[in-house]
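Protein chains in written order, with the UniProt record's numbering: chain U, 1 to 132; chain C, 1 to 319.
Hints were generated in silico from the structure; no laboratory data involved. Any given hint could turn out to be false.
[Said to hold, decoys possible] Taking beta-carbon pairs under 10 Å as the criterion, some of the chain C residues facing chain U (in silico):
1) 14
2) 19
3) 26
[Stated by the list, open to error] Derived DSS-like pairs: lysine-lysine, alpha-carbon spacing no greater than 27 Å straight-line:
4) C/30 / U/4
5) U/4 / C/7
6) C/74 / C/30
7) C/177 / C/199
8) C/7 / C/30
9) U/4 / U/110
10) C/245 / C/74
11) C/240 / C/74
12) C/258 / C/30
13) U/101 / U/121
14) C/74 / U/80
15) C/7 / U/80
[What the hints assert, rightly or not] Label pairs and their calculated CB-CB ranges:
16) C/252 / U/116: 54 to 62 Å
17) C/212 / U/125: 54 to 62 Å
18) U/19 / C/182: 39 to 47 Å
Glycine included, every Cβ here is placed at the ideal spot set by N, Cα and C.
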Amino acid sequence: MSRKIRVLVAKPGLDGHDRGARVIARGLRDAGMEVIYTGLHQTPEQVVEAAIQEDVDVIGLSILSGAHMTLFPRICELLKENNAEDIMVVGGGTIPEDEIKALKEGGWAKELFTPGTPLEKIVEWIQENVRV
Amino acid sequence: MKDYVEKLLSGDRRSAARLITLIENDAPEKQALLHRLYPHTGRAHVVGVTGSPGAGKSSLVDALTGQIRNEGLKVGIIAVDPTSPFSGGALLGDRIRMQEHTTDRGVFIRSMGTRGCLGGLAQATRDAVKVLDAYGCDVILVETVGVGQSELDIMHHADTTLVVLNPGAGDHIQTIKAGIMEIADIFVINKADLDGVEKLVRDIRAMLDSSPRAGDWRPPVLTTSTLDGRGIPELWATIKTHREKIFNNGTRSAVKRKRIQRELTEILQRRINRLITQGLDAGGRFEPVLEEILARRMDPYRAADEIIKQSWKGELSDE
Numbered sequence: 001m002s003r004k005i006r007v008l009v010a011k012p013g014l015d016g017h018d019r020g021a022r023v024i025a026r027g028l029r030d031a032g033m034e035v036i037y038t039g040l041h042q043t044p045e046q047v048v049e050a051a052i053q054e055d056v057d058v059i060g061l062s063i064l065s066g067a068h069m070t071l072f073p074r075i076c077e078l079l080k081e082n083n084a085e086d087i088m089v090v091g092g093g094t095i096p097e098d099e100i101k102a103l104k105e106g107g108w109a110k111e112l113f114t115p116g117t118p119l120e121k122i123v124e125w126i127q128e129n130v131r132v
Numbered sequence: 001m002k003d004y005v006e007k008l009l010s011g012d013r014r015s016a017a018r019l020i021t022l023i024e025n026d027a028p029e030k031q032a033l034l035h036r037l038y039p040h041t042g043r044a045h046v047v048g049v050t051g052s053p054g055a056g057k058s059s060l061v062d063a064l065t066g067q068i069r070n071e072g073l074k075v076g077i078i079a080v081d082p083t084s085p086f087s088g089g090a091l092l093g094d095r096i097r098m099q100e101h102t103t104d105r106g107v108f109i110r111s112m113g114t115r116g117c118l119g120g121l122a123q124a125t126r127d128a129v130k131v132l133d134a135y136g137c138d139v140i141l142v143e144t145v146g147v148g149q150s151e152l153d154i155m156h157h158a159d160t161t162l163v164v165l166n167p168g169a170g171d172h173i174q175t176i177k178a179g180i181m182e183i184a185d186i187f188v189i190n191k192a193d194l195d196g197v198e199k200l201v202r203d204i205r206a207m208l209d210s211s212p213r214a215g216d217w218r219p220p221v222l223t224t225s226t227l228d229g230r231g232i233p234e235l236w237a238t239i240k241t242h243r244e245k246i247f248n249n250g251t252r253s254a255v256k257r258k259r260i261q262r263e264l265t266e267i268l269q270r271r272i273n274r275l276i277t278q279g280l281d282a283g284g285r286f287e288p289v290l291e292e293i294l295a296r297r298m299d300p301y302r303a304a305d306e307i308i309k310q311s312w313k314g315e316l317s318d319e
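So here's chain C without its partners, still in its complex pose (with noise of 0.2 Å):
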């Protein structure tokens, strides 16, 4: 058991695949194995691919892939399906547009359920590409679910966020909505054989033209097509511009910091939100609080403020 992680860090790629497992499954050993891996982590480019289901995310994951193995770099890659709220199962289709990879030792994928997230990832993706990273990935490519408008999770993990967009999906008021045409650091025009093309590029360049980002880094809009490749040699240089870009100015560092104060936000969150479910669950240290605001003997907010000071003396009281 304790060797996944000296068998991860020497190369072998089922050990990283168990890890997986383990971290999604929630195992008991979960804490330990990335107490172990974290610090070989840190060092890969993430590069997040999001867009509206049938984009072509995964044929453009496909491609880029090929064009990253140009190099010889290591790719792992996560692609992300919705989980079924109703039965738990989840369709994991992505793999069939990257065929071409999986017997490349170079390359690594992984399907991922939501199982339950909202945000167009996984929980467990984060702590997924930790392994892919510690695994030796020099590039890892994070698929997201096909998304709406404000599934924006990606944002949080990559450091090179794609949206990829096709022509002929909508007016040009939907590119100035809030939400996912904000967060791109590059934009893709996917399937640009198809007609429409221009006339998308020039809204997304009226967009960025008139709400201008802070920094100085403007999404280059690009074009690309997965039937003829076109465009993707583009792409990865693009992606490469911006990894420099962001390594020289110093906005890495900083946005590493940001995203490590989210992740413990998140983990303390989620801990905390299991003890006041656990606190209140029948038999749980809180529960007679519950009689006392059925019998309207306390309000929810005071029977509140009693369980904050019972437990954590009041410092995060509401007020």
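Here chain U stands alone, though its shape is the one from the complex (with noise of 0.2 Å):
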């Protein structure tokens, strides 16, 4: 038996910048993940499909455009439609620190890193709750 996580990486809605997520999903490459990348300008039904499919631990979406209040909670209701709860939705990109409380708080993300943050922090969060 030999689990590895597997991560999609995401970049919903319209904003066309995706040198984070690409850095991103090498750090986890490079950390022993299997990166599933999606590339740029994703429906939040695309994310949710491509997630189910490849079975991932973990939802990854690089939100640069300031739709997070709104890219967010569709994704998790998306996920919530197809019974994939279970999967985990973080992500990263410009979202200020009230936006950021917001949807934790309201269960749409479980963890949230703004831009400066190590790659280090994101290996090991992911690292720690997924269960292995």
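From these two lone chains plus the hints, build me the complex, please.
This is the structure:
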């Protein structure tokens, strides 16, 4: 038995800046995880469907467009509709502090990482929170 | 847990996904699950797509999927990318080219890391194909990692193997080398919008003339471009022709038999390997032999004979 953590790194919405997402994807890969990267401009439906087919443990959303208050809840809603709410949703991007609080309290995101977060911290968080 | 198989058979895609994970992870329940799946497999047509990195395999799979979906057939895709031998991690990026089909319920896409397997596929690929077969996929497209010249595992998995080439990638000597050029059922010259297509087509045809294949299937050489979609309908039509051909001339059952023999051989080899490794590891039942060899009281060949005598009463002896 050899379990590997699988993570979907997704960029939902309209912003076309995926440098951060790619850095994260590579960092997680180097930490021994299997990272599925789906590219830019994903709809919430595409993100959730890919997460289900790939049977990932974690969805990591990169959002720099400011649409996080819409996208996180929508993705969680779709996960629920598909009986897949056991898939953890985390995210990163430019998200103001009060909205981080709101997203976490609302249960829309397990954890949020803002710009400048060291890669190791994200890796550690995932390793600790995914039950292997 | 047990109803994953039942749910899969009724078309539940989460169960399909979870079953592939359990198989990939070599979970304890893997064998029992495959036992239940097996009677429901063997119906899908498996198409292998191989070629060098950047040849356009993912884009071709994407375009081909669209073509197959026009006929209402259910498509499964297994896309393999390399696992890092250093970190054990993998970046699986084939889906980027297949986004259009993500939300189509008639398409199931799964990315896999090779996890140490060197033949262009993962060890679990064969069993993942079974899952998608039982899930009801009519056609399963298996995309290998970007290969060099000798990662040829796909030929043992696919009913129809596509070798994807690009114009401008080497002179005609490349076309007469052994290995990947010998496993194609269909040659696909992708990126046919680039220069040099006619020359490559000529070179491959010349190669086929000078070393004809056994049997009555001469691999067609097709040209495609996923930019403008040219050649894609012809490619699907040719895959169907190949399928009919191997169905009708009886090669299919012979090939299936060979494939099963190979699969069984591999399973036995893996198990025996494990027994040997465990036996020779610290505390294992064969471990004392190592001391004997180290002290030059026994040579490795004699030691192997001894171990085989102890375990299999000599049937597997070298001589």
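Outcome of the hint check:
1. 14: 6 Å, holds
2. 19: 9 Å, holds
3. 26: Check passed: Cβ of residue 26 of chain C comes within 5 Å of chain U, closer than 10 Å.
4. C/30 / U/4: Roughly 16 Å between the alpha carbons, so the hint for residue 30 of chain C and residue 4 of chain U holds.
5. U/4 / C/7: 24 Å, holds
6. C/74 / C/30: This hinted pair holds, its Cα atoms lying about 25 Å apart.
7. C/177 / C/199: This hinted pair holds, its Cα atoms lying about 17 Å apart.
8. C/7 / C/30: Since the Cα atoms of residue 7 of chain C and residue 30 of chain C sit roughly 16 Å apart, the hinted pair holds (cutoff 27 Å).
9. U/4 / U/110: 20 Å, holds
10. C/245 / C/74: Holds, because 22 Å separates the two Cα atoms, which is no more than 27 Å.
11. C/240 / C/74: 15 Å, holds
12. C/258 / C/30: It holds: about 24 Å lies between the C-alpha atoms, which stays within 27 Å.
13. U/101 / U/121: 19 Å, holds
14. C/74 / U/80: Within the cut-off at roughly 25 Å; holds.
15. C/7 / U/80: 18 Å, holds
16. C/252 / U/116: 54 to 62 Å: 59 Å, holds
17. C/212 / U/125: 54 to 62 Å: 60 Å, holds
18. U/19 / C/182: 39 to 47 Å: 42 Å, holds
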